Amino acid sequence: MGGRAGSWRSLSDSEGEETASDPQPPLLDHQGAHWKNAVGFWLLGLCNNFSYVVMLSAAHDILSHERVPGNQSHVDPGPTPIPLNSSSRFDCNSVSTAPSGSHQWALCCWELHPGCLFSFSGDQLVCYFLLLTSPEPQDPGGEAEAETAARQPLIGTEAPESKPGCSSGLSLQERWTVFKSLLQYILPLVLVYFAEYFINQGLFELLFFRNTSLSHAQQYRWYQMLYQAGVFASRSSLHCCRIHYTWALAMLQCLNLAILLADTWFSFLPSIYLVFLIILYEGLLGGAAYVNTFHNIALETSNEHREFAMAAACISDTLGISLSGLLALPLHDFLCHLS
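136 is the number that the UniProt record's numbering gives to position 136 of the sequence shown; each next residue is one higher, with no gaps.
Since the hints were made in silico from the structure, they are not lab data. Where hints are given, some of them may not hold.
Here are the simulated lysine to aspartate or glutamate pairs, EDC-like style, with alpha carbons at most 20 Å apart [stated by the list, open to error]:
#: 1; residue 1: Lys180; residue 2: Asp317
#: 2; residue 1: Lys180; residue 2: Glu304
#: 3; residue 1: Lys180; residue 2: Glu307
#: 4; residue 1: Lys180; residue 2: Glu300
#: 5; residue 1: Lys36; residue 2: Asp123
Because the structure is a prediction, the values reported are computed rather than measured.
Build out the structure end to end from the sequences listed, making use of the hints.
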């Protein structure tokens, strides 16, 4: 009997060990899905921003060239600058690079012309359907909840409760209350985007240094590259540095705007390399403000409000960019008509 009991105990122990080792493959599958999602979202972000960033960075080159009659491309192979006022110290294009106005048609046409940019849409479809893993349906209540639901009448008098994380059931009053609570994050981000896009698309073209080996177009490209490098670095730094008071970032960005606007008028900065540093710093502030704003919203909103809150905060960058474009256009025309 003792031998049989020992053998049954050994058998049950071995079965227990096999049972305990069974969950390992799902864990490996979960880790694989995590990395696939991480790579997929990274590629989606890259494809989403690539054409937009290239379009803004090439705005000065596009606007400074005429299209040659009979040429099928949108960029003249022979550079022919078209200054608005040859006597102006700013070496202006006839149209501002600010993200507003009719010249956006030219930018959009140019973007659609290089097939490599348009093909990014196909890359996004591949990432979405082949890399991203669809979330599995969750059943927090288990079988007991399923049995209870099965006993409910088909037509009930009470509306079903909304699932956690779903904001589709919010009333208009609830949405307004949530939106008002978001103003402490939305307004600073609007101010950050207004200041940095006023600098990028309104002042970059006017910050022209003649005492360097870089041409005007090369200076503009370096400004854009340094700004994007700063944004990339700060948007990737959330695990290293988290900022709760984004108002401070907005004030610092407005200070950058004031310094560069004053230099546009008075030309007191002695070297273009000082402008390079300010622009890199501008990108760091802009990226930090963006990533910390949405991180703070995700942490401080409830599950049922989070989806709506994140979507509502997305108006910040659009509003800031639009306002900066409206003001940068008349500023460009005013300064470029000065002798």
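Hint numbers the structure violates, sorted upward?
The structure breaks none of the hints.
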